[in-house]
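Chemist: Going down the list, the sequences are from chains A and B.
Every number in the numbering used here is 836 more than the matching position in the first sequence, counting from 1.
Every number in the numbering used here is 325 more than the matching position in the second sequence, counting from 1.
Hints in this document: simulated from the structure, not taken from any laboratory.
Incorrect hints may appear among the rest.
Facing chain B, from chain A, some residues (calculated, C-beta under 8 Å) [said to hold, decoys possible]:
| no. | residue |
| --- | --- |
| 1 | Gly880 |
| 2 | Gly884 |
| 3 | Thr910 |
| 4 | Lys934 |
| 5 | Gln967 |
| 6 | Arg1019 |
| 7 | Pro1023 |
| 8 | Leu1028 |
| 9 | Ala1060 |
Okay, the calculated beta carbon distance ranges per label pair [unchecked claim]:
| no. | chain 1 | residue 1 | chain 2 | residue 2 | range |
| --- | --- | --- | --- | --- | --- |
| 10 | B | Asp450 | A | Gly853 | 42 to 48 Å |
| 11 | B | Glu365 | A | Glu933 | 48 to 54 Å |
| 12 | B | Pro380 | A | Glu933 | 32 to 38 Å |
| 13 | A | Gln1033 | B | Arg865 | 52 to 58 Å |
| 14 | B | Arg783 | A | Leu1032 | 52 to 58 Å |
| 15 | A | Lys1053 | B | Ala387 | 30 to 36 Å |
| 16 | A | Gly897 | B | Gly718 | 50 to 56 Å |
| 17 | B | Glu847 | A | Gln902 | 18 to 24 Å |
| 18 | B | Ala392 | A | His848 | 32 to 38 Å |
| 19 | A | Glu929 | B | Asp416 | 36 to 42 Å |
| 20 | B | Asn779 | A | Ala1060 | 45 to 51 Å |
| 21 | B | Gly357 | A | Met1050 | 30 to 36 Å |
Calculated lysine-lysine pairs in the PhoX-like style (CA-CA distance at most 20 Å, straight line) [as the list claims (entries may be wrong)]:
| no. | chain 1 | residue 1 | chain 2 | residue 2 |
| --- | --- | --- | --- | --- |
| 22 | A | Lys1005 | A | Lys960 |
| 23 | B | Lys547 | A | Lys982 |
| 24 | B | Lys800 | A | Lys1053 |
Where a beta carbon is used, it is the ideal one built from N, C-alpha and C, also for glycine.
Now for the letters of each chain:
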Amino acid sequence: MASKKPDKEMIHIHVMGKTYEVPAGLTIMDAMEYAGYRFTRGAGCRSGFCGACSTVYRHEGDYRLQFALACQETAQDGMYLVQLPFTPAPRAEYDIEKINPKENVLLQYYPEIARCVSCNTCTKACPQDIQVMDYIQAALRGDIAKTAELSFDCIQCGLCSMRCPADIKHYHMAQMARRIYGRYMSPVPQHLEDRLQEIAEGKFDAELDRLVSMSRKELEEAYAARVREEAPAESEKSE
Amino acid sequence: MSKKELIGGYPAYMRKSIEKVAATRSKRLKEGPPSPMSPEEREAILERNHPDYKPSGKRKLAIGPSAGELVPHEVADIIESHPVIDPRSIDLTKVDYDVDVLVIGGGGAGTVAAIFAHDEGIPTDRILIVTKLRHGDCNSIMAQGGIQAADRPQDSPVMHYLDVMGGGHYANKPELVRALVSDAPGIIHWHEDMGVMYDKVDGEYMEAHGGGTSRMRMHSAKDYTGKETFNTIRDQARNLNIPVLEFFPAVEILLDKQGHAAGAVVYNIETEEYRIIRAKATVLATGGFGRIHIQGFPTTNHYGATADGLVMAYRAGANIIDMDSVQYHPTGVAFPAAILGQLATEKLRNQGATPVNVDGEEFVFPLEPRDVESAAFIEECWVKNKGIETPSGIRGVWLDTPMIDAIHGKGTLKKALAAMWTMWHRHDIDITVDPALVYPTLHYQNGGVEIDANGYTRVPGLFAGGECEGGVHGKNRLMGNSQLDYNVFGRRAGISAGQWAKKAKVDGLSLQHAIDYEQALEKAGIDTDRKAPIILPDYRPESVHERTLGHLL
């Protein structure tokens, strides 16, 4: 786009076997567009949250494969790039209301986690720097809370599962672990239940009726009369 | 950029200003930020600096249900466009999918609508979601800071209502705001039932302020709130086996002989064929317009945010509301250029980071409503010349992120704002040590297709929820109300569509409205080869376009 002015310095990237000259300082995704690619797959949120743009690359002269999100990683001179389409992975079907959140529940729905050979390939493939193998091990131990915590930043790009020699579907299992934790191990605060009760009883109806029928001037006055609640950090500062 | 010129991720010349920011930090921490502006001061700074207040940026729509409404040129351009299909050559006799409820859009609002249409009694195999990219390539998944719900004893839906109306400059439709604030606690409870991991400490929510809130009611899941909530909702839809057609954008809404919405023409991105979907009720959940880059601004939005639903619904007879206002999020990334315009969540400010200028001085209350905060940044950079210029000629202000750990203790930022830390860390910037450079970025479509409190549009059988609809936020949305909007109005639209589908009968399929629209364009003297919906933006440079041979195979 016009407002994204790249630096003048140019670099070379290799996209699926073809070499292109592109400005330095662009993300892999922007660099490929500069080269003439128009994405219909492999591009989603373009901000590192959706996991659509998994990219595998290798540097010239290096034998190792590296992994990144094309929308987040800066293109570097000599990168050999391949965009990976999202690959299918089976996920277990379950009813969050009916499952029994006992320790072996993850193993029950995803028995293949027991095949983990602790090779850590999943962790190395993760563009979010998640300790993927550690949460698989936590899941094997029945530690749902740890699995949920360690996997929290997962964007479900699927690179871990594509690389896993044991065909584990890490990200689907981790999603289930987080839902079990959220549903069964992190109770709903009482004040939320109380508020729902108040709404059901119509506690705010009269006041809302009044607000809805207010003139603009009356609303402006009511708005100006609000007193802003001080955040704890703010009151510390003003002391 | 070559790495050797950078120190801690920033060009060496910026270091002098960064030192000034560090030098004033302890004083600023002690004294607190500037006071909030009065309503008069807010209006004045908006008038002076906000892009919405520039008359040259807009024009009146010449045709259609909202002819005469002022909208940005970029919006007028896609609305005053020809259909991408030739409506006369589409074969409507062969129906490829026949369903009760068609949901156009696979983001937050669409997924919620599908779940609640099912809840209303529509079998899942009679529901279909179509989406241009994957299920979940959407803005909902990118929301960072949080979702508002007035659930603490010292708060109430009444206070939430006032905050929303004032933030929206009182242009909001009252019955929509009432629905938004009244449903909010129930939405949080629904999320809890599905297992969303909201931030809690000692069993209580960690609730914070957002710009323009009078009570702390922002519920968060670190700075991955959108991802955590949306992924849970999508997981639920998958457990229910709700069918989804991916890479199948809708390109025109179908009406029946009575003028009721009756499905859509969809397009297979790979094979380039069209398919006909007949539906008893149609839900529009197509999101916003960031990727049409109003006034050339970069955007936080996902790749498919091209306002397709707005274009299609308008041709089918739906009117639009509040499309003259655009939300620029004050803190888009201004440096490094690689991630220009991506979002720096408002949560950074609600956790204590404050905006400071080139000399390390604070110049605005950090949590004004977004339009006011953005206007203040623009003024600081381009009127007072106190911004910091980047190597690519953009100006920005510092967001003093190291204040977060200074207030809440070391390690807070990295834990509570993991996505933010990672985003800059990928470019060698440590925002716990140095401030971040930010500037307003195109963020949200405040208006859209007008709905009533139950998600009905003016076209019978067409419902809408989420960013594509308008009236909820008036002229400016507050932080944490978009997550809420897609849940509240996605749900309401889904329930209404389910109820409608149980009674509706589709009487023939028609594209006459698209033919009529072509004629209206001609009659108004709009001579253009523009076509819409545009489906995806095209970021290939001119040098490529000049030499393209098009589709030869």
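Chemist: A separate judgement is required for each hint: does it hold in the structure or not?
Modeler: Each hint tested on the structure:
The beta carbon of Gly880(A) comes within 3 Å of a beta carbon in chain B, closer than 8 Å, and the hint placing it at the interface holds. Taking 8 Å as the C-beta contact cut-off toward chain B, the hint placing Gly884(A) at the interface holds, the least distance being around 6 Å. Proximity of Thr910(A) to chain B holds as hinted, the smallest CB-CB distance being about 5 Å (cut-off 8 Å). For Lys934(A), the interface hint is violated, since its Cβ never comes within 8 Å of a Cβ in chain B; the closest pair sits about 11 Å apart.
With 8 Å as the threshold, the beta carbon of Gln967(A) stays out of range of chain B, its nearest partner Cβ sitting at about 13 Å, so the hint is violated. A distance limit of 8 Å between C-beta atoms decides the matter here; for Arg1019(A) the minimum to chain B is near 4 Å, and the interface restraint holds. Checking Pro1023(A) against chain B: minimum C-beta separation of about 6 Å stays under 8 Å; hint holds. At a threshold of 8 Å, the smallest CB-CB gap from Leu1028(A) to chain B is about 5 Å, leaving the interface hint in force.
Among the interface hints, the one on Ala1060(A) holds; its C-beta lies about 6 Å from the nearest C-beta in chain B, closer than the 8 Å criterion. Distance hint check: the CB atoms of Asp450(B) and Gly853(A) are about 43 Å apart, consistent with the given range 42 to 48 Å. For Glu365(B) and Glu933(A), the hinted distance range of 48 to 54 Å is satisfied, since their beta carbons lie about 53 Å from each other. Take Pro380(B) and Glu933(A): their Cβ atoms lie about 55 Å apart, and the range 32 to 38 Å is violated.
Separated by about 57 Å at the C-beta atoms, Gln1033(A) and Arg865(B) satisfy the suggested range of 52 to 58 Å. Separation of Arg783(B) from Leu1032(A) is about 33 Å and departs from the stated range, judged on CB atoms against 52 to 58 Å. For Lys1053(A) paired with Ala387(B), a C-beta distance near 35 Å keeps the hint of 30 to 36 Å intact. Between Gly897(A) and Gly718(B) the beta carbon distance is about 36 Å. The supplied range of 50 to 56 Å is therefore violated.
A beta carbon spacing of about 55 Å between Glu847(B) and Gln902(A) contradicts the range 18 to 24 Å that was offered as a hint. Between Ala392(B) and His848(A) the Cβ separation comes to about 52 Å, which falls outside the hinted range of 32 to 38 Å. Under the hint 36 to 42 Å, the C-beta atoms of Glu929(A) and Asp416(B), about 37 Å apart, fit the expected range. Taking the beta carbon of each, Asn779(B) and Ala1060(A) are about 32 Å apart, not inside 45 to 51 Å as hinted.
Hint check: Gly357(B) to Met1050(A), Cβ distance near 33 Å, so the stated range 30 to 36 Å holds. For a cut-off of 20 Å, the pair hint linking Lys1005(A) to Lys960(A) stands: about 16 Å separates their Cα positions. Proximity of Lys547(B) to Lys982(A) is assessed by CA-CA distance (about 16 Å); at most 20 Å being required, the pair is judged to hold. The hinted pair formed by Lys800(B) and Lys1053(A) meets the criterion: a straight-line CA distance of about 17 Å does not exceed 20 Å.
Consistency note: the structure conflicts with the earlier hints numbered 4, 5, 12, 14, 16, 17, 18 and 20.
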